[in-house]
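S.K.: One-letter residues, chain by chain:
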Amino acid sequence: MVNWSRIKGILVQEYYITKRSLEVLVDLPLFSFIGLILFGFITNFLSISNKTNEPKYLLLGLILWEVIRITQYSMSVEAMWNVWSRNLSNMFVSPLTIWDYFIAQMISSVSKTIIIVLVISVISYFMFSFNLLSVGMLNLLIYFINLTIFAWTTGILILGFIFRFGTRIQSLAWGIIFLFQPLTAAAFPLSVLPKPLQTFALIFPPTYIFEASRQSLNNGSTNWGYVNTAFILNVFYFIIAIVVFYFLFKKSKDTGQFARNEG
Amino acid sequence: MKNILEVRNLVKNYGSYTAVDDISFDVPKGKVIGFLGPNGAGKTTTIQVLLGITLANGGSIKYFGKDFFKNREDCLQRINYISSFNSLLGRISVYENLIVFANLYSIEKPKKKIQELVEYFEIESLLNKRYFDISSGQRTRVNLIKSLLNGPELILMDEPTASLDPDIADKLLTLIENLRKTKNLSILYTSHDMAEVTRICDEVIFLDKGKIIAKDTPLGLTKRISKAQLKITFDADKNKVEKYLKNEKLNFKFQTKNSVIIDSKEDLIPKLIFTLSKEGVWMTDIEIKKPTLEDFFLQVARKKYG
Chain A
1 MVNWSRIKGI LVQEYYITKR SLEVLVDLPL FSFIGLILFG FITNFLSISN KTNEPKYLLL
61 GLILWEVIRI TQYSMSVEAM WNVWSRNLSN MFVSPLTIWD YFIAQMISSV SKTIIIVLVI
121 SVISYFMFSF NLLSVGMLNL LIYFINLTIF AWTTGILILG FIFRFGTRIQ SLAWGIIFLF
181 QPLTAAAFPL SVLPKPLQTF ALIFPPTYIF EASRQSLNNG STNWGYVNTA FILNVFYFII
241 AIVVFYFLFK KSKDTGQFAR NEG
Chain B
1 MKNILEVRNL VKNYGSYTAV DDISFDVPKG KVIGFLGPNG AGKTTTIQVL LGITLANGGS
61 IKYFGKDFFK NREDCLQRIN YISSFNSLLG RISVYENLIV FANLYSIEKP KKKIQELVEY
121 FEIESLLNKR YFDISSGQRT RVNLIKSLLN GPELILMDEP TASLDPDIAD KLLTLIENLR
181 KTKNLSILYT SHDMAEVTRI CDEVIFLDKG KIIAKDTPLG LTKRISKAQL KITFDADKNK
241 VEKYLKNEKL NFKFQTKNSV IIDSKEDLIP KLIFTLSKEG VWMTDIEIKK PTLEDFFLQV
301 ARKKYG
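Just so you know, the protein sequences line up as chains A and B, in that order. Using this note's numbering, the first residue of the first sequence is number 1, and each one after it goes up by one. Using this note's numbering, the first residue of the second sequence is number 1, and each one after it goes up by one.
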């Protein structure tokens, strides 16, 4: 059963860690800001010779990509702080349930994402004349939700691997998500990818969302075919992630790894 | 007597290795039960299974009469855990850590509860320090506060004094003794330190290779070792004493020509002293070394028991 006080406990812990960890402040807002500046100037440069919306795909892709990166990072790395401090088993010998933990991580990750994406969107508007809202308010919401579900899915999977294998696979927590940036054609049209990779890219929900967002940027439309496909794939992968997580969690407790999952 | 914890036929295997082998025991209300055994005996694994962070392969665990596997949250809400092998989050302050756990245990007035415990354990000055920056003795006190936040009826303590210097360990044991008296706490206590187990435990469960090999009071366990050592300093002819001891077929060793150490069954010592005296041996000093829990532990560890 889910309990609000326990969720609040994890949220409060997350707040304290964020407040006191320079690493988190560098990995989240600073990296987002640096990425925005880099992509912003490249967009400006490309816009000199290309008067279409295409150069703006870079900024659009970057800002939407940050939704995935920040959400997934937040979900996975918070667990690592507890592993490094040998506090993870302390938390799970309290009545905390895995769903309390998931829900808290989901709320925390989305909160951070909203704040950072809002800030870089405003900066992008004033510095690079790129208005994220030009894809449409409703579209933006739909894209945000889909990308967030995908980030939660990867976050839950990585959590499962952290619980199962501990610090041995810690670099997955912040590294593996970047595989998806080129694979899902975040900042360029899908057609740019080689044919076999295009087919492969279509198994990932964000590919549809990034494609749909570029269409929205061009003409304000909503590609419901892409949105629906992305949503169905997201639900499917989310369920798979939960099943895999439970398998890894059970295995971790069965082998004694979870109790040893320290430092 | 009402049992807080009832464990029946608990089994934990790691592949072909059996870490916990069909053990059963109870922890009654208000009692301190010691869990002793050599390294690898299965003490920590048992505690981990009792807390649900390691899965059992068989058996049942009941807290307050409720099946733990079916009522995990209810049971964990009423118990707590402290171990020298775990820490709280190092980056955040002591107070922040305690607030987090107060929420995890759904404490109604967390600030008030923390304040009460902080005053009791006299750690007001540590509250705003990062957990990382305080000493191991201070951390143990903070961990103990964490373990009392929910007003538990049972605390599982896994070697809480390991890595503490003797003075701090003694203070911690005094605190545990006081808590037990004032709050009628039940405690399951694992340790390698025989003196502290003898001091605070009502009953000791001895584990070896995952099995319970003895269950008794600390005194009862030491009584299972019948041999004691008698050291006599005498003012008499050494040959006379030696002849007598050889006749009685006792193990002995002369330390000097006027002092001898004799191994004997504890209940035969009075007779031995009396007979030596009757033989005209003038004893100037008598020292009896009774078996301790440590002797029992060593016997088990060296596989001499039974």
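These aren't lab readings, by the way, just hints derived from the structure by calculation. A portion of the hints provided could be inaccurate.
[Unchecked claim] With a straight-line Cα cutoff of 27 Å, these simulated DSS-like cross-link-like pairs (lysine-lysine) come out:
hint : chain 1 : residue 1 : chain 2 : residue 2
1    : B       : K211      : B       : K231
2    : B       : K211      : B       : K31
3    : B       : K113      : A       : K19
4    : B       : K271      : A       : K8
5    : A       : K19       : B       : K112
Bear in mind that the values here come from a model prediction, so they are computed numbers and not experimental data.
S.K.: Are the hints correct? Go through all of them and say.
M.R.: Okay, the hints, checked on the actual structure:
A C-alpha spacing of about 36 Å is found between K211 of chain B and K231 of chain B, which places the hinted pair above 27 Å, so the restraint is violated. The straight-line distance between the Cα atoms of K211 of chain B and K31 of chain B is roughly 22 Å, inside the 27 Å bound, and the hint therefore holds. The straight-line distance between the Cα atoms of K113 of chain B and K19 of chain A is roughly 25 Å, inside the 27 Å bound, and the hint therefore holds. Proximity of K271 of chain B to K8 of chain A is assessed by CA-CA distance (about 70 Å); at most 27 Å being required, the pair is judged violated.
Of the pairs offered as hints, the one joining K19 of chain A and K112 of chain B holds, with about 24 Å between alpha carbons and a cut-off of 27 Å not exceeded.
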